[in-house]
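If you read the sequences in order, they're chains A and B. For reference, each letter of the first sequence is one residue, going 1 to 478 in the numbering used here. For reference, each letter of the second sequence is one residue, going 479 to 924 in the numbering used here.
Careful, some of the hints might be misleading.
[As the list claims (entries may be wrong)] Result set (BS3-like, lysine-lysine): computed pairs, CA atoms no more than 27 Å apart in a straight line: (1) B/Lys819 <-> A/Lys422; (2) A/Lys163 <-> A/Lys140; (3) B/Lys860 <-> A/Lys422; (4) B/Lys843 <-> A/Lys349; (5) B/Lys843 <-> A/Lys343.
I should point out that these hints are in silico values taken from the structure, not numbers from a laboratory.
Spelled out from the first residue to the last, the chains are:
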Amino acid sequence: MSAVLQNLVNQPYKHGFVTEIESEIAPKGLNEETIRLISEKKNEPEWLLDFRLKAYQKWLTMSEPNWQNVHYSKIDFQSISYYAAPKPKKKLASMDEVDPELLRTFEKLGVPMHERAALAGVAVDVVFDSVSVATTYKEKLAEVGIIFCSISEAVQKHPELVKQYLGTVVPVGDNFFAALNSAVFTDGSFCYIPKGVKCPMDLSTYFRINTEGSGQFERTLVIAEEGASVSYLEGCTAPQFDTNQLHAAVVELIAMDNADIKYSTVQNWYAGDENGIGGIYNFVTKRGLAKGVNSRISWTQVETGSAITWKYPSCILRGDNSVGEFYSVALTNNLQQADTGTKMIHIGKNTRSTIISKGISAGKSNSSYRGLVRITPNAQNARNFSQCDSMLVGDQCGAHTFPYIQVHNNSAKVEHEASTSKIGEDQLFYFAQRGIDSEEAVSMIVNGFCKEVFQQLPMEFAVEATKLLSFKLEGSVG
Amino acid sequence: MNESKNIDYLTCLFKSLPAQSNSSTFQDTLPEDPQLWIKQLRAQAIDEAGQLKWPTNKDEEWRFTDISPLTRLPFKPAQAGYVPDLSEVRPFFIEEMVNRLVFVNGFFAPELSSITHENQLIIGNLDTLATSHAHVISAHLGQYAQFRQNLFTALNTAFLHDGAIIIAPRNTVVDQPIHLLFVATQAETTHYPRCLIVGDDNSQMTVVEDYVALQADKSSAYITNSVTELKLSANAQIQHIRLQRENLNAFHLANCAVSLDHASRYETISISLGAKISRYNLNVSLNAKAAECAIDGLALITDGQLADTHTCIDHVKPNCTSHQQHKCIVDNDAHAVFNGKIIVRPNAQKTNSSQSSRNLLLSNKAQIDTKPQLEIFADDVKCAHGATVGQLDKDEIFYLKSRGLSELAARNLLTYAFGAEILNNIPIPSLKHTLEQTVLNQTQSH
Chain A
1 MSAVLQNLVN
11 QPYKHGFVTE
21 IESEIAPKGL
31 NEETIRLISE
41 KKNEPEWLLD
51 FRLKAYQKWL
61 TMSEPNWQNV
71 HYSKIDFQSI
81 SYYAAPKPKK
91 KLASMDEVDP
101 ELLRTFEKLG
111 VPMHERAALA
121 GVAVDVVFDS
131 VSVATTYKEK
141 LAEVGIIFCS
151 ISEAVQKHPE
161 LVKQYLGTVV
171 PVGDNFFAAL
181 NSAVFTDGSF
191 CYIPKGVKCP
201 MDLSTYFRIN
211 TEGSGQFERT
221 LVIAEEGASV
231 SYLEGCTAPQ
241 FDTNQLHAAV
251 VELIAMDNAD
261 IKYSTVQNWY
271 AGDENGIGGI
281 YNFVTKRGLA
291 KGVNSRISWT
301 QVETGSAITW
311 KYPSCILRGD
321 NSVGEFYSVA
331 LTNNLQQADT
341 GTKMIHIGKN
351 TRSTIISKGI
361 SAGKSNSSYR
371 GLVRITPNAQ
381 NARNFSQCDS
391 MLVGDQCGAH
401 TFPYIQVHNN
411 SAKVEHEAST
421 SKIGEDQLFY
431 FAQRGIDSEE
441 AVSMIVNGFC
451 KEVFQQLPME
461 FAVEATKLLS
471 FKLEGSVG
Chain B
479 MNESKNIDYL
489 TCLFKSLPAQ
499 SNSSTFQDTL
509 PEDPQLWIKQ
519 LRAQAIDEAG
529 QLKWPTNKDE
539 EWRFTDISPL
549 TRLPFKPAQA
559 GYVPDLSEVR
569 PFFIEEMVNR
579 LVFVNGFFAP
589 ELSSITHENQ
599 LIIGNLDTLA
609 TSHAHVISAH
619 LGQYAQFRQN
629 LFTALNTAFL
639 HDGAIIIAPR
649 NTVVDQPIHL
659 LFVATQAETT
669 HYPRCLIVGD
679 DNSQMTVVED
689 YVALQADKSS
699 AYITNSVTEL
709 KLSANAQIQH
719 IRLQRENLNA
729 FHLANCAVSL
739 DHASRYETIS
749 ISLGAKISRY
759 NLNVSLNAKA
769 AECAIDGLAL
779 ITDGQLADTH
789 TCIDHVKPNC
799 TSHQQHKCIV
809 DNDAHAVFNG
819 KIIVRPNAQK
829 TNSSQSSRNL
839 LLSNKAQIDT
849 KPQLEIFADD
859 VKCAHGATVG
869 QLDKDEIFYL
879 KSRGLSELAA
889 RNLLTYAFGA
899 EILNNIPIPS
909 LKHTLEQTVL
919 NQTQSH
């Protein structure tokens, strides 16, 4: 690699800064006290405290998983502060009342809230650390009966809905990090689309991790009632830190008869510096339950950040004729590690699933696709198509594929294909011949490689994702 | 299956190990080792086996294959002495093959074997050759099949007493294929077949490794725990055909380790038909530039059988090629498992590797677990893998019916065609014919 290219690879993280806002931080460590404290701070009902304590008891009996293809130093769960909230101020009625320091932070990140809200018609439920600060377009959504708010607010205002669905897709004892999340989650988003309602706009949340040393445990619950449809966007950036931050989120989606949920993520959290110091640990449990007939759940993700990404957005296709989709681009550079993929569990009849996964590894990074397609004995005429392609940029990175295919019904048709490639010298030569420099050529080739996934993203996200990938890969090819 | 029972089983097994055993009967059955190095190898294996645990479904490598039924069997090692009549074994002979080594329960049976010495080929059993060719055998035996972390290889090595040895010296082309026939005759025993095949520079040969059962009582259960080591030097070539046609109550656990040098070529076809539970581990290591391997496999199983194939193709050096095609035909409540791992090490540039796992489910109770796995650490490589699972195509059946074939005939023809793609590559006509008949017979049971 030439020196010029080297410089490009080592571009500093543009979104790294710490907002100086007074935070209210719980003492470090995890025990029943901490959980009671969180519950009390958030003024939660008794059943939710029980839910948390049950999860905590379960968590105590579990051990950290070690099967994944990532390496990190052991996490000391007792040195994490489990609650951090910006000092509560008076309730906010309009954007003008939001802390100007906060607004400036969003400005730097390129989240022009009022503009975006007005121009793009997107309601942004901004989660700053753990407490929702400002929500827009709520009234407009409320008109058609959609509930879109922070989960803490939902617990206060719609406890019956939260109680009915929370933990039904990802049970408290599902896995080590899901149990931890269930015990200590502080906030997140809640979205309820009533029967027959097509959500008039894309719903979007921005996650930011701000307070140094505080793990963030988000909880998201999206419910689409019969015939409802919703497109939910999630985008992430985080400031630069030296100590690793743990992020163990849980996302649950529930789709009833004929409902349709599309969940898109663009993730650009701090990945650590070129020596692998710092960066976010992103251990997420995402799962959708296609409960009703003809329901559809679609996951789209663009994963470019985090020191370690470890997530498998899954679909449980329980309803007959239900459809599950997974579109993913995972890009790793420097010492990043990603172990990501999906699970498609076919239970209902005539269920269909599609998996398109694109992994790009550069520098000394490692990316793995780990997927499961299971056709249960009663899933007649199930259909799956999986494609996972890897692209290697440089000779020190690694790409891995672990597809598990378990078929217990002979009427199923399952196909899996995978390939590995690199950016060829002749491809770059061809571009050069046409007057396109190698950097732009790489960006074009990579975007072409990921096209099938980007097509699934809503317009603005596709633009953002394209930019993000080009920026992340600048100079990795020499 | 509870943990304690597994441990008990292993403890008993270790008590019967040769080095620790006080049982005079067992000592008597073993010839005194002529060579110190064999004793040392065995001692190491015994130590290693003592530290390993019985694999359960919790181990990733054994996730889909539950071998706890093995622990319910007696574990008596097979005894030497019994040699069946030639007429009993003759049906298993392959007519084109004049070079034949027959092992009964893991012990060499010279009465049934026939060896025509051609060129400078060294062929025979370990017992006989261990003294005369100690130098060359000790340089290879136990060097490729690592018993570290592999309980069954460790146990096989611990019980090492006899085995098939084939060594083709430099520039030897062996015209006649060699048949290694392993016959199991004793019920409720474990036997430990062992093969060592070495091809020196520029040598060529064809070897058929064949596991069969010869029991009055077809329902008797036994364990075959076999280890095959294969080493090819520069430019050497081998065609290795492996047939597993044990009886339907047998347990077959096999490990095969292959080490390839510069520009050598390894071609293998493994056919798995028998055994209640079978497990075949094939590890191929491409240790020098321009080595090639072509690995084909077919598992044809029915009625409660479980066939598990684990392969690992390790591209250690640049410019190597590997192609793999594995097929399973699964009928009734049988269960097939395939795990194909391809590793491309750092610097193994210009690797070209392809793998396909194709599976045909003939019944709605049949099960398949397949996992084609890639681990790639080099960028300038061409690697692709694919997996499909499905049933017979309705349109294809309809087409054949429109041509006047019955439903049954159409199904059989399509199933046969699915398997024939693998069988067609078998270079020995009579063997190919026999296997084609087997596939037809098995599918005609509907």
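Legend entry - Which numbered hints fail: Going through the list in order, the structure violates no hint and respects every one.
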